[in-house]
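A.B. asks: Sequence:
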Amino acid sequence: MKFALSMMAAISLGTAATAADLPDLGGKEVVVVTENAYPPLQFVDPKTGEAIGWEYDAMAEIAKRINITVVYENTSWDAMIPAVSEGQYDLGMTGITIREDRKEKVDFSDKYLTSQMRMIVAGDEDRFDNAAGFAADADLLAGAQPGTTPFYVTVYDILDGDEANPRIKLFETFGAAIQALRVGDVDLALSDSTAANGYVAASEGKLKIVGEPLGTEDFGFIFPKGSDLVAPINAAIASMEADGTLEGLNTKWFLEYKLGQ
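Residue numbers (mature numbering (1 follows the signal peptide of the UniProt record, and there is no 0)): -19 to -1, 1 to 242.
Calculated from the structure, these hints are not laboratory results.
Quantities reported herein were computed from a predicted structural model and do not represent experimental measurements.
A couple of the hints might just be wrong.
What the hints assert, rightly or not - DSS-like mimics (lysine-lysine), calculated; alpha carbons at most 25 Å apart, straight line:
hint : residue 1 : residue 2
1    : K9        : K187
2    : K206      : K28
3    : K150      : K92
4    : K86       : K206
5    : K150      : K187
6    : K206      : K84
7    : K206      : K92
8    : K28       : K239
9    : K206      : K150
10   : K233      : K28
11   : K239      : K206
12   : K92       : K9
13   : K45       : K86
Turn these sequences into a full structure, and let the hints steer you where they fit.
C.D. replies: Below you can see the structure in the form of structure tokens.
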């Protein structure tokens, strides 16, 4: 499967900014928080211990274009939005889906990626091959992080709309849900195509994707409400779309990079 079919750079609205149009923030320090648990967007390279990924490369390019100094911090997913909302960090990045309920707490950048939700199962799974088949078998379990888009899609698009449904086992990280899937503790995990394809490619046949895509999601960076960083970062995103930088990152991380190799 070609990632280009399910992952595309965000198309900016209006006139794309050129390098000459971009603001100069004078080396302003910007504290960026991430989870480092979402390959290939951001994760720790198991070989080097270095934090790498699409979002790190994108943020480095943004920093260069608008002259900011980025300082990285780590936190868990469930703490990230509240912490950014409270101003503990200037910006959050971890493949965050742009949603109206989240906009009540934080500001979003313009979208920088659009992805589709996919179903990940064991490589030898033969009991179901689509969402309806999973829903019909009461013995099957799904793994998900609470409060994430995969959790809500599992609840409302696959199951019965009950967020306390015992068929959903909750995990602190997406990686933990995938590990539970690999050892047979759950039968299904949902993810956007970014992470899904990365984990499947690295699984040596132990995982696969089944069924049709379950809708799309747009990713954006998050900021405290009223942040003066939103406009310059949006301008940088637009310029990176216009000159092909985002497409280059897509090629590097979604086509050329092989997780675990």
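A.B. asks: Please go over all the hints and tell whether each is borne out by the structure.
C.D. replies: Evaluation of the provided hints:
As the CA atoms of K9 and K187 are separated by approximately 45 Å, the hinted pair breaks the 25 Å bound. Taking the CA atoms of K206 and K28, the gap is near 38 Å; set against the 25 Å cutoff, the hint is violated. Restraint check for K150 and K92: not satisfied, since their Cα atoms lie roughly 30 Å apart, outside the 25 Å limit. With a C-alpha separation of about 7 Å, the suggested pairing of K86 with K206 holds against the 25 Å cut-off.
Only pairs whose Cα atoms come within 25 Å are accepted, and K150 paired with K187 is accepted, the gap being roughly 20 Å. Between K206 and K84 the CA atoms are separated by roughly 9 Å; this keeps the pair inside 25 Å, and the hint holds. A C-alpha spacing of about 17 Å is found between K206 and K92, which places the hinted pair at or below 25 Å, so the restraint holds. Between K28 and K239 the CA atoms are separated by roughly 13 Å; this keeps the pair inside 25 Å, and the hint holds.
A hinted pair counts as satisfied when its Cα atoms are at most 25 Å apart, and K206 with K150 does not qualify at roughly 33 Å. A hinted pair counts as satisfied when its Cα atoms are at most 25 Å apart, and K233 with K28 qualifies at roughly 18 Å. As the CA atoms of K239 and K206 are separated by approximately 37 Å, the hinted pair breaks the 25 Å bound. With a C-alpha separation of about 23 Å, the suggested pair K92 and K9 falls inside the 25 Å cut-off, and the hint holds.
Of the pairs offered as hints, the one joining K45 and K86 is violated, with about 28 Å between alpha carbons and a cut-off of 25 Å exceeded.
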